[in-house]
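Student: What follows is the residue order along each chain.
Protein chains: 2
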Amino acid sequence: MQPAAYTELRERLAEVHDLDRAGAVLTWDERTKMPPGGAAARADQLATLVRVKHYRIAADEVRRLLDELRPYEESLAPDSTEASLIRVARRDHEKARRVPPDLEADLARAAATGEHAWREAREQNDFGLLLPHLRRNVELRQRYVECFPDAEDPYDVLLDDYEPGMKTAAMERLLGELKDALLPLTAAVLERSRAVDDSFLYDSFDVARQRELVLALMQRMPIATGTWRLDDTSHPFATAFSPTDVRIATRYSEGNLSSAVFSALHEMGHGLYESGVNGDTMRTPLCRPVSLGMHESQSRTWENMVGRSRAFWRCYHGLFAGTFPDKLAGLGPEDFYRAVNKVRASLIRVEADELTYDLHVLVRFELERAMFTGGLDLADLPEAWNERVRQYLGIDVPADCVGVLQDVHWAEGGFGYFPTYSLGNIIAGQLWEAAHAAIPDLEQRIEHGQLAPLRDWLREHVHRHGRKLDSAEIVARATGRPIEIGPYVRYLRDKYGEVYELPTEDFSGAGTMRM
Amino acid sequence: MQPAAYTELRERLAEVHDLDRAGAVLTWDERTKMPPGGAAARADQLATLVRVKHYRIAADEVRRLLDELRPYEESLAPDSTEASLIRVARRDHEKARRVPPDLEADLARAAATGEHAWREAREQNDFGLLLPHLRRNVELRQRYVECFPDAEDPYDVLLDDYEPGMKTAAMERLLGELKDALLPLTAAVLERSRAVDDSFLYDSFDVARQRELVLALMQRMPIATGTWRLDDTSHPFATAFSPTDVRIATRYSEGNLSSAVFSALHEMGHGLYESGVNGDTMRTPLCRPVSLGMHESQSRTWENMVGRSRAFWRCYHGLFAGTFPDKLAGLGPEDFYRAVNKVRASLIRVEADELTYDLHVLVRFELERAMFTGGLDLADLPEAWNERVRQYLGIDVPADCVGVLQDVHWAEGGFGYFPTYSLGNIIAGQLWEAAHAAIPDLEQRIEHGQLAPLRDWLREHVHRHGRKLDSAEIVARATGRPIEIGPYVRYLRDKYGEVYELPTEDFSGAGTMRM
Numbered sequence: 000m001q002p003a004a005y006t007e008l009r010e011r012l013a014e015v016h017d018l019d020r021a022g023a024v025l026t027w028d029e030r031t032k033m034p035p036g037g038a039a040a041r042a043d044q045l046a047t048l049v050r051v052k053h054y055r056i057a058a059d060e061v062r063r064l065l066d067e068l069r070p071y072e073e074s075l076a077p078d079s080t081e082a083s084l085i086r087v088a089r090r091d092h093e094k095a096r097r098v099p100p101d102l103e104a105d106l107a108r109a110a111a112t113g114e115h116a117w118r119e120a121r122e123q124n125d126f127g128l129l130l131p132h133l134r135r136n137v138e139l140r141q142r143y144v145e146c147f148p149d150a151e152d153p154y155d156v157l158l159d160d161y162e163p164g165m166k167t168a169a170m171e172r173l174l175g176e177l178k179d180a181l182l183p184l185t186a187a188v189l190e191r192s193r194a195v196d197d198s199f200l201y202d203s204f205d206v207a208r209q210r211e212l213v214l215a216l217m218q219r220m221p222i223a224t225g226t227w228r229l230d231d232t233s234h235p236f237a238t239a240f241s242p243t244d245v246r247i248a249t250r251y252s253e254g255n256l257s258s259a260v261f262s263a264l265h266e267m268g269h270g271l272y273e274s275g276v277n278g279d280t281m282r283t284p285l286c287r288p289v290s291l292g293m294h295e296s297q298s299r300t301w302e303n304m305v306g307r308s309r310a311f312w313r314c315y316h317g318l319f320a321g322t323f324p325d326k327l328a329g330l331g332p333e334d335f336y337r338a339v340n341k342v343r344a345s346l347i348r349v350e351a352d353e354l355t356y357d358l359h360v361l362v363r364f365e366l367e368r369a370m371f372t373g374g375l376d377l378a379d380l381p382e383a384w385n386e387r388v389r390q391y392l393g394i395d396v397p398a399d400c401v402g403v404l405q406d407v408h409w410a411e412g413g414f415g416y417f418p419t420y421s422l423g424n425i426i427a428g429q430l431w432e433a434a435h436a437a438i439p440d441l442e443q444r445i446e447h448g449q450l451a452p453l454r455d456w457l458r459e460h461v462h463r464h465g466r467k468l469d470s471a472e473i474v475a476r477a478t479g480r481p482i483e484i485g486p487y488v489r490y491l492r493d494k495y496g497e498v499y500e501l502p503t504e505d506f507s508g509a510g511t512m513r514m
Numbered sequence: 000m001q002p003a004a005y006t007e008l009r010e011r012l013a014e015v016h017d018l019d020r021a022g023a024v025l026t027w028d029e030r031t032k033m034p035p036g037g038a039a040a041r042a043d044q045l046a047t048l049v050r051v052k053h054y055r056i057a058a059d060e061v062r063r064l065l066d067e068l069r070p071y072e073e074s075l076a077p078d079s080t081e082a083s084l085i086r087v088a089r090r091d092h093e094k095a096r097r098v099p100p101d102l103e104a105d106l107a108r109a110a111a112t113g114e115h116a117w118r119e120a121r122e123q124n125d126f127g128l129l130l131p132h133l134r135r136n137v138e139l140r141q142r143y144v145e146c147f148p149d150a151e152d153p154y155d156v157l158l159d160d161y162e163p164g165m166k167t168a169a170m171e172r173l174l175g176e177l178k179d180a181l182l183p184l185t186a187a188v189l190e191r192s193r194a195v196d197d198s199f200l201y202d203s204f205d206v207a208r209q210r211e212l213v214l215a216l217m218q219r220m221p222i223a224t225g226t227w228r229l230d231d232t233s234h235p236f237a238t239a240f241s242p243t244d245v246r247i248a249t250r251y252s253e254g255n256l257s258s259a260v261f262s263a264l265h266e267m268g269h270g271l272y273e274s275g276v277n278g279d280t281m282r283t284p285l286c287r288p289v290s291l292g293m294h295e296s297q298s299r300t301w302e303n304m305v306g307r308s309r310a311f312w313r314c315y316h317g318l319f320a321g322t323f324p325d326k327l328a329g330l331g332p333e334d335f336y337r338a339v340n341k342v343r344a345s346l347i348r349v350e351a352d353e354l355t356y357d358l359h360v361l362v363r364f365e366l367e368r369a370m371f372t373g374g375l376d377l378a379d380l381p382e383a384w385n386e387r388v389r390q391y392l393g394i395d396v397p398a399d400c401v402g403v404l405q406d407v408h409w410a411e412g413g414f415g416y417f418p419t420y421s422l423g424n425i426i427a428g429q430l431w432e433a434a435h436a437a438i439p440d441l442e443q444r445i446e447h448g449q450l451a452p453l454r455d456w457l458r459e460h461v462h463r464h465g466r467k468l469d470s471a472e473i474v475a476r477a478t479g480r481p482i483e484i485g486p487y488v489r490y491l492r493d494k495y496g497e498v499y500e501l502p503t504e505d506f507s508g509a510g511t512m513r514m
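Line order of the protein sequences matches chains A and B. 0 is the number of the first residue of the first sequence in numbering that gives the first Met the number 0; add one for each residue after it. 0 is the number of the first residue of the second sequence in numbering that gives the first Met the number 0; add one for each residue after it.
Bear in mind the hints are in silico, worked out from the structure with no lab data behind them. As the structure is a prediction and not an experimental result, all values here were calculated from the model. Every residue gets a Cβ at the ideal spot worked out from N, C-alpha and C, and that includes glycine. Heads up, some of the hints might be wrong.
[Claimed, not checked] Residues of chain B placed beyond 10 Å of chain A at every Cβ, according to the derived structure:
| id | residue |
| --- | --- |
| 1 | W27 |
| 2 | K32 |
| 3 | A40 |
| 4 | A82 |
| 5 | D125 |
| 6 | A207 |
| 7 | A215 |
| 8 | H234 |
| 9 | D244 |
| 10 | S252 |
| 11 | V349 |
| 12 | T355 |
| 13 | N385 |
| 14 | A398 |
[Said to hold, decoys possible] With a straight-line Cα cutoff of 20 Å, these simulated SDA-like cross-link-like pairs (lysine to any residue) come out:
| id | chain 1 | residue 1 | chain 2 | residue 2 |
| --- | --- | --- | --- | --- |
| 15 | B | K32 | A | A23 |
| 16 | A | K52 | B | R172 |
| 17 | A | K52 | B | R11 |
| 18 | A | K494 | A | M217 |
| 19 | B | K32 | A | L229 |
| 20 | A | K94 | A | Q141 |
| 21 | B | K166 | B | R480 |
| 22 | B | K52 | A | L182 |
| 23 | B | K32 | A | E103 |
| 24 | B | K32 | A | N255 |
| 25 | B | K32 | A | K494 |
| 26 | B | K32 | A | R250 |
This is chain A alone, in the form it adopts within the complex (with noise of 0.2 Å):
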């Protein structure tokens, strides 16, 4: 029997719940729909909403049944709903009332004026015009972190952010040996790179016809009609306002075929995550996905895993070459496959093939780094920055605007989001891995383009969790091991030695790399 400040605890919080996703619905239309007009008042909109839900989590009220709850959730199994639900509801009032509601909105308004100033700036590709606004956004985000003054480390406050449980040792630790294995596999398939032909993804692609091709492919991911809907947007994203609610949206590019179809690849995997939580926990803090890193690992799961084997391009060469069969007429699945898994230094994070992108990842984790606890001086940050770029992938960066004005995360105040990204690399890996040892003909599976073991098992091990374990606990359940590098990095070894046609004693993955 629950209690009644439980079910009253309940209520509450799904209204808050509520107005969370209400405030994913105009995100989803700011960015699909909306006209320019609607600009200004959907900022205010969506301030109040975010103001509204503040109040009612912070609020004494709740504070008082989580006191009254406590000897209740303390006679339950912690993984219990009932106690789950208690002890996140917990963690979001404390962070809540931690902060003061004047910080809050300085930060908020600082995100805003900094990403304008960052379009700005990166148009007239001067740093100069946002590094007042870095400042700003650092000194606040240092002002944030006092509010958390039991902290081991300035940084696993903003980490806890993206990553609830993380703490920067581990994750200095995980990209550490990341970067250890990469470096030289990277290297090696690079002076190799013309070993593989993409050039025919390259060629012009009608935009109407990509985009049928697109929704084609999405209706054969494994998501129920009537659940779900592909969008075009600028920045390609994936929400959704409910299981059964799903919103995906890429964009298109004339010149580049594979941009669409594995960013809607990518955000299916967020989609897909975000439809199979457990029913039971609607509208409670439950019912989300648990973090960043996770939410990641699904996305890369079916954008690369998936989305650049040779099982995918087996099954699914035909609806591509049969959209276009002007220019795609007569390649193979090797050829598709080949061409996916092309491998090049280059500048641009979201641009980046598979191997690279953690390297991406890398300069701006350690640069945060450095920027936090190592003394950087903001005005030497693009110094800083085209150095690591030069050492990690050997190029130069010609310019601040494909350097570090490419990505909008710190002009909005968002540091501690990039690490996760190749989190959910690391992540993904071991899951693939696991995946495989539980559906031993999976890549069968997926060539006959029988996608729903994959989803049964990421949604038994990982989807319907929502927050009720935190990532080190679902990795810990899912793969037995704690979260490590070593899967990742053999999935990595394996394909591009393949692909590449590397000396296997050099990257066969014995050695130090394996955990």
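Starting from the structure of chain A, add chain B where the hints point.
Tutor: Coordinates of chain B only, in the frame set by chain A:
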């Protein structure tokens, strides 16, 4: 110098406004984009937004601020922004406090289940399926009426939700006079109904090309690029999230070209009203259209006075003939003008022509009066309906699904809404006459595609006021007269008298109908 309490009130009300408009975004998405799987969560999200908005407008703190501001309000000119804001906020606050939250919840639930039952009843042509829900709705609305014991007539309370300040006695007088004027005019026109040929509008028109045509037409309407969009829906509507984010939605019927065109013009009329509110009152209770009647006056102005005018077809017939040359080539402006003014006695209100439309409304208004104060047993509603349709339109209702079951309003508890449709027509007639007096070459302007002068006149005399003035006051200031049927009836007599070549002595507008 505005007192601090005023600033505080304004800030609180800005949040209420944002919550209201956030709800409008969710409703727009629900009706235009949402996959079917989103329905259940969307209902929760919308209910939460309504509830949270209600808490915030009904809060004790708002009462305290309103009390504190009374001397300030009394020191101001009544139609100053400040005094109006306080006055309208007080009305909203008091209305919100009068109705117990439990009753609000019961009304909302009954509306939702009633809507569901109505779909079933209409589909099965079985009034009995709706009857218990109708009884429940009327009973709940009677309890709602009792929350306002000062009302002279119970129906005043219902009317006030849609047409603030309008009394039943005044509405009854206006619609009674309108009936007396319309019945003989309609009878005379229907006798000559065959004089007009509109068969060419009921050919087969490719929906994609219709969509292009409607979009091209909307682009010629006097609304700025980047401040609106047009979408598909199943029941046409317009909404706005700010004056520069207007959403129009319509539907297309392959066999009926005029359906989408006139519904889009109608909705754009609503949209132009939304777009014309004074920017100084943004995010206050003043920045919304004042009433449904006034709203409808704007939609009917653009749909009928403009869209069914000779001048309009002189300007746009080429656009139509050019889009469908295989169907419409060779037709001149006069052919279109006559066709779109074809009058027929028909069963369905939303498909009725301009002239018979108000007779459909009268049936509903008289029955609502009978339900709430005339002692009509709801079981007798179908018979009472059919009798009036026979009397006013001279046709028999073959089945309830095209009779009493055709509209959703009553099933959702929406009593008091219908008469605002005719009130809108009446006001549109008055404004149209006044606009002609102010812009002597109005017809020539329209003929040359210059629609901005009319929009500017409406903006100045109607739109910009928002909720500052009630509809009677807006009409009084714009026309120098109270709300009266004279101009509307003259407009109808002149137009239909000419199209149907009626003897002028009978319907020239002399006599009792001139007011």
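Student: Each hint needs a verdict: does it hold in this structure or not?
Tutor: Right, here's what the structure says about each hint:
{"no.": "1", "hint": "W27", "in the structure": "violated (8 Å)"}
{"no.": "2", "hint": "K32", "in the structure": "violated (7 Å)"}
{"no.": "3", "hint": "A40", "in the structure": "violated (3 Å)"}
{"no.": "4", "hint": "A82", "in the structure": "holds (24 Å)"}
{"no.": "5", "hint": "D125", "in the structure": "holds (28 Å)"}
{"no.": "6", "hint": "A207", "in the structure": "holds (12 Å)"}
{"no.": "7", "hint": "A215", "in the structure": "holds (17 Å)"}
{"no.": "8", "hint": "H234", "in the structure": "holds (19 Å)"}
{"no.": "9", "hint": "D244", "in the structure": "violated (3 Å)"}
{"no.": "10", "hint": "S252", "in the structure": "holds (24 Å)"}
{"no.": "11", "hint": "V349", "in the structure": "holds (26 Å)"}
{"no.": "12", "hint": "T355", "in the structure": "holds (36 Å)"}
{"no.": "13", "hint": "N385", "in the structure": "holds (39 Å)"}
{"no.": "14", "hint": "A398", "in the structure": "holds (31 Å)"}
{"no.": "15", "hint": "K32/B with A23/A", "in the structure": "holds (14 Å)"}
{"no.": "16", "hint": "K52/A with R172/B", "in the structure": "violated (48 Å)"}
{"no.": "17", "hint": "K52/A with R11/B", "in the structure": "holds (15 Å)"}
{"no.": "18", "hint": "K494/A with M217/A", "in the structure": "violated (25 Å)"}
{"no.": "19", "hint": "K32/B with L229/A", "in the structure": "holds (10 Å)"}
{"no.": "20", "hint": "K94/A with Q141/A", "in the structure": "holds (16 Å)"}
{"no.": "21", "hint": "K166/B with R480/B", "in the structure": "holds (17 Å)"}
{"no.": "22", "hint": "K52/B with L182/A", "in the structure": "violated (55 Å)"}
{"no.": "23", "hint": "K32/B with E103/A", "in the structure": "violated (33 Å)"}
{"no.": "24", "hint": "K32/B with N255/A", "in the structure": "violated (28 Å)"}
{"no.": "25", "hint": "K32/B with K494/A", "in the structure": "violated (40 Å)"}
{"no.": "26", "hint": "K32/B with R250/A", "in the structure": "holds (18 Å)"}
In summary, the structure is inconsistent with hints 1, 2, 3, 9, 16, 18, 22, 23, 24 and 25 from the numbered list given earlier, while agreeing with the others.
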